Amino acid sequence: MTEREIKKSIKEISPIDVYKLLPRTNCGECGFPNCMAFATKLVNGEVAIEDCKPLLKEENKQAYLKLQELLAPVVKTVIIGSGDRIVKVGGKYVMYRHEFTYHNPTPIAIDVTDEMSDQELEERVKKIESFHYNYIGRTLTL
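If you number the sequence shown the way our numbering does, the last residue is 142 and the count never jumps.
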């Protein structure tokens, strides 16, 4: 894709766009009766590209890479942290919130430095842990 080409949002990608890049063997290895059914689920984000086993074969590598590019989120996913403490930011399929549902919850971070005293650090953590906000009859917490 060149810089001048604008990536389609997920709502503009049709199952036919995806179907054209699938092996079209209707083998059922993905758990669906045919490739069109799989393409529909793929566009809806209900299955992963890797669920199509024939697509992972070397002879289908180019189609696999094209599908990855076609179905990649408009807003790239950035992963912060490691292990159990991974936070995903981005990974949005649209540029504007009203166009589609967000999948990654908003992460919250607090700033700390190695120059802070233990007491000051603990106070910041307690402040975040005890934060709550009443919104339309619901208590929201972090």
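What the hints contain is simulated information worked out from the structure, not anything from laboratory work.
Please note that the accuracy of each hint is not assured.
With a Cα cut of at most 16 Å, we get these calculated EDC-like pairs of lysine to aspartate or glutamate [claimed, not checked]:
1) K57 with E46
2) K57 with E29
3) K41 with D17
4) K61 with D51
5) K127 with D111
6) K41 with E29
7) K66 with E50
8) K61 with D84
9) K41 with D84
10) K53 with E29
11) K61 with E46
12) K66 with D17
13) K20 with D84
Computed from a predicted structure; not experimentally measured.
Checked hints:
For the hint pairing K57 with E46, the CA-to-CA distance comes to about 22 Å; that exceeds 16 Å, so the pair is violated. Note on K57 and E29: the hinted pairing holds, with a Cα-Cα distance of about 13 Å set against a maximum of 16 Å. With a C-alpha separation of about 13 Å, the suggested pairing of K41 with D17 holds against the 16 Å cut-off. Simply put, K61 and D51 have alpha-carbon atoms about 14 Å apart, close enough for the 16 Å limit, and the pair holds.
About 13 Å separates the Cα atoms of K127 and D111, which keeps this hinted pair within 16 Å; it holds. Taking the CA atoms of K41 and E29, the gap is about 14 Å. The hint holds against a cut of 16 Å. A threshold of 16 Å between alpha carbons decides the hint, and for K66 with E50 the separation of about 13 Å falls inside it, so the pair holds. Between K61 and D84, the direct Cα distance comes to roughly 32 Å. Violation of the 16 Å bound is thereby established for this hinted pair.
The hinted pair formed by K41 and D84 fails the criterion: a straight-line CA distance of about 29 Å is larger than 16 Å. Restraint check: the Cα-Cα separation between K53 and E29 comes to about 7 Å, which is no more than 16 Å; the hinted pair holds. Between K61 and E46, the direct Cα distance comes to roughly 22 Å. Violation of the 16 Å bound is thereby established for this hinted pair. Proposed proximity of K66 and D17 is supported: the alpha carbons are some 11 Å apart, at most 16 Å.
The suggested pairing of K20 with D84 is violated, with an alpha-carbon distance near 38 Å, which exceeds 16 Å.
Hint violations for this structure: numbers 1, 8, 9, 11, 13, all remaining hints satisfied.
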